[in-house]
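Colleague: Following the hints, position chain B against chain A.
Chains as they are written, first to last, in my numbering: chain A, 23 to 363; chain B, 23 to 363.
In case anyone wonders, no lab produced these hints; they're calculated from the structure. Keep in mind that a hint or two might mislead.
A pair counts as met if it fits within one copy or between any two copies, since identical chains are not told apart.
[Said to hold, decoys possible] Within a straight-line C-alpha distance of at most 30 Å, the following computed DSS-like cross-link-like pairs (lysine-lysine) qualify:
1) Lys342 - Lys168
2) Lys47 - Lys179
3) Lys83 - Lys128
4) Lys179 - Lys342
5) Lys227 - Lys128
6) Lys227 - Lys342
7) Lys128 - Lys342
8) Lys227 - Lys47
9) Lys24 - Lys168
10) Lys24 - Lys310
It should be emphasised that the depicted structure is a prediction, and the values quoted were computed from it without experimental measurement.
Number of protein chains: 2
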Amino acid sequence: MKISTLGEFGLISELMGDAPPHSPKVIRGVGDDAAVLRQTSGMVLLATCDAQIEGVHFSLKLSRPEQIGRRAAAVNLSDIAAMGGTPTFALASIGLPAGTDSEMIKEIYQGLRRGLALGGAELVGGNTAELRDQMMIDITLLGEVKEDQILCRDGAKVGDLICTTGSLGRSSAGLLASQRTDLGCDPEMVAPLVDRHLVPQPRLKEGRVLATHPGVTSCIDLSDGLLGDARHIAEMSRVSLAIEAERLPISPSTRIVAQAARADLDALVLQGGEDFELLFTVAPNSAKELLDRLNGPDFAGATTIGRVTAGRPEVIVTRKGQPLTLNQKGYEHFVGSSDRQ
Amino acid sequence: MKISTLGEFGLISELMGDAPPHSPKVIRGVGDDAAVLRQTSGMVLLATCDAQIEGVHFSLKLSRPEQIGRRAAAVNLSDIAAMGGTPTFALASIGLPAGTDSEMIKEIYQGLRRGLALGGAELVGGNTAELRDQMMIDITLLGEVKEDQILCRDGAKVGDLICTTGSLGRSSAGLLASQRTDLGCDPEMVAPLVDRHLVPQPRLKEGRVLATHPGVTSCIDLSDGLLGDARHIAEMSRVSLAIEAERLPISPSTRIVAQAARADLDALVLQGGEDFELLFTVAPNSAKELLDRLNGPDFAGATTIGRVTAGRPEVIVTRKGQPLTLNQKGYEHFVGSSDRQ
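One chain only, chain A, in its complex shape (with noise of 0.2 Å):
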């Protein structure tokens, strides 16, 4: 059915229709002017918010609509994530074409809320509203963390280790593999690269073990491009990071994939957004213990791939000693063509 015939209040019931029960912490959910919600007592209070938009981060044509959900969650929780932090409550704010069928928007929301509960989050509230021809899904999702176990940005201490969390490229590989039918890749192989492209994997686990562990001293996910937030840390912390390109992660099927489709690899691994794997530096004596804790199992592996030294902020990436000449900056909206996808 169009939501143009549900109306507003009849989607919001259709969509409140398969929700769960709430946990105890929710005191009201969604159904009164704003939800009323418990904190753990001693925890200070996360907040984070992104938006999905339809043509720019999802398209309906690649995607299944339980995928737009989930991915909507996964950002959200990968920022938690990269705070230390554990997720707790989301708010999702929807826009909408009046033409929209609301089947489609039931399988956004079950997404949403499955892509939430594997984080340890609940949907308890949030509003719909019409626009003209795009659709946008905004969360906003709430956590909460020990004070003295925040990740921030800006801790990077000269000679520390930096050290990324999984591996890198892949979801530009996926992307490059959903758009081009012709690369001949096995698709087996290529399935993997493509799922986490539309769905990433937001690496909560790891930003709790990363938040208990001592000795991390700055934390970031990996959203705009490895190069793009490498700067943040180097900017927000006012050190140098010197990153070597021959120790980055890179899976077997991301390198076939760039060559396949005769792409930089460097710029897949650099420059290419969204793996929302988490970046941080650690002190070296420090380092091994946690290395070999998130390369146990159950965790995303984790690898060294360069070290903080002292100079001015900025991102240096060396291959053999020589340095890589890129453009160091990530994704980012408004520049250029906004079609990213």
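Modeller: Showing chain B alone in chain A's frame:
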């Protein structure tokens, strides 16, 4: 400067350039993966979000940018007011066409900050992204309240009085007056109505009085129109609301504009949305003291307009004992024409 030239990070840095310093409650504001916020211990958390969309909630022809920002703040502050809470922190998610002038966005943000500050809230985070051809401002507002002071929609009891703050129909009359230059009304009389439409006045002080006064049983803010919002109380409290049309508080200027425009005054007052007054129910033996207080200096005034009765969940409006027949719906997105303004 166009934001396509400035870029996302340039825009953010412009927007943050004239931000006042944060209060000590803000451990981390804009500039990390999430804001880190201190809650008052012993309080529960309130969370609400509301999006303002160009062509639906505001028009760049009628509103100055600063007023658009204040409006976005006000509609969210009103939701916290209706819960009896105190606003604390806000996140702003803004969607913009790439050709938008950055000076206008700065003015919107100045208005937003000014509006939030009037309610004691501060902007602690947000995000910007590109929309094709519409501007959208989605605000998430947090607040806090003691658990035993929360005002909900579901507590109205048979025998309670139904009351409203302020007067009704002003926003609709202001909208009419701003659209119709042929009415021949005194511009000085009309200006406050138009102002009220463009920048609603959240009833925060009044909400705090309701939250702390004994005998107040339910509360909602009038965003979708008296009939629609009263129906929410009726349905959630499982009671009938009997409203007497002759008791509705209507300002002389609202009457004059309605008459000049040959508009149906009943429809204007009962179905016109966005008055953002508080509709509440109160036990009869607590009402006099409460209304005296709200009619004292520094408050918006309050009027008894009916009584809660047993019966099926509906709103019945009478004039001189005879039922008025009106469509029981308030404003609803997606239904019929979308150009509210």
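Colleague: Against which earlier hints does the structure fall short, listed by number upward?
Modeller: 1, 6, 7, 9 and 10
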